[in-house]
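*Asks:* Listed below, chain by chain, are the residues.
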Amino acid sequence: DAGITQSPRHKVTETGTPVTLRCHQTENHRYMYWYRQDPGHGLRLIHYSYGVKDTDKGEVSDGYSVSRSKTEDFLLTLESATSSQTSVYFCAIRELAASTDTQYFGPGTRLTVL
Amino acid sequence: SQQGEEDPQALSIQEGENATMNCSYKTSINNLQWYRQNSGRGLVHLILIRSNEREKHSGRLRVTLDTSKKSSSLLITASRAADTASYFCATDAKGAQKLVFGQGTRLTINP
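Those protein sequence lines, which keep their order, are chains A and B. According to the working numbering, the residues represented by the first sequence are 12 to 125, in order. According to the working numbering, the residues represented by the second sequence are 5 to 115, in order.
I should point out that these hints are in silico values taken from the structure, not numbers from a laboratory. Owing to the predicted nature of the structure, the values given are computational and were not obtained by experimental measurement. It is possible that some hints are incorrect.
[To be verified] Restricting the straight-line Cα-Cα distance to at most 30 Å, the calculated cross-link-like pairs of lysine-lysine (DSSO-like) are:
1. K64/A - K98/B
2. K98/B - K68/A
3. K68/A - K81/A
4. K30/B - K68/A
5. K98/B - K73/B
6. K30/B - K74/B
7. K98/B - K81/A
8. K60/B - K74/B
9. K73/B - K30/B
10. K74/B - K98/B
11. K22/A - K68/A
12. K81/A - K22/A
13. K30/B - K98/B
14. K64/A - K22/A
15. K60/B - K22/A
[Claimed, not checked] So, partial list: chain A residues that the calculated Cβ filter (under 8 Å) puts toward chain B:
16. Y42
17. L54
18. V71
19. G74
20. Y75
21. F101
Backbone N, C-alpha and C fix where the C-beta goes; we use that ideal spot for every residue, glycine too.
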């Protein structure tokens, strides 16, 4: 699992409330990613980071913001949660070397917005 | 828009048979990867094939890549019940720092 943890693992919240999901890694990888997974849509990239304070948008970034103030933590914030953001959220790190290019995924956070 | 599209969406076979899944993509790539996801878990990397490679093996897995057709296939030989999972292809477009995943193939191995 490359030392990736996500918190919380499950969360139920109400429409309009802010929500922050945390991804923590222990191996000092430069690249970190946030995805959401929904039935019929596979895995879609929300935001990613290529270094401390360096982030960029993915294909479904509307309604989400991210921050990376230190290498090990990548935070995903829903400023005002909506029911359409009910999903399973996965964090991933990228291990990039001469002979390998692999993403390792965290266990996921199941978010329900009522 | 999805870069990778898997086919079929679902596949059910008997234990011991071979399973073949296909992936098509749209743009030039550096590499193509296959991942497995067991129900309720995160994705696990299976194999990577670079754009200048045509075939790669890893245990019971065989991956092919045809860049002229922008397609790849994953073959699992001598399937086992433990192979039951969803399988995703992911492409690393040239110049990009991210992967784009397809919607996956749900594989069921019947005992």
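*Asks:* For each hint given before, does the structure comply? Return the numbers of the non-compliant ones in rising order.
*Replies:* Violated hints (numbers, rising): 15, 18, 19, 20; every other hint is consistent with the structure.
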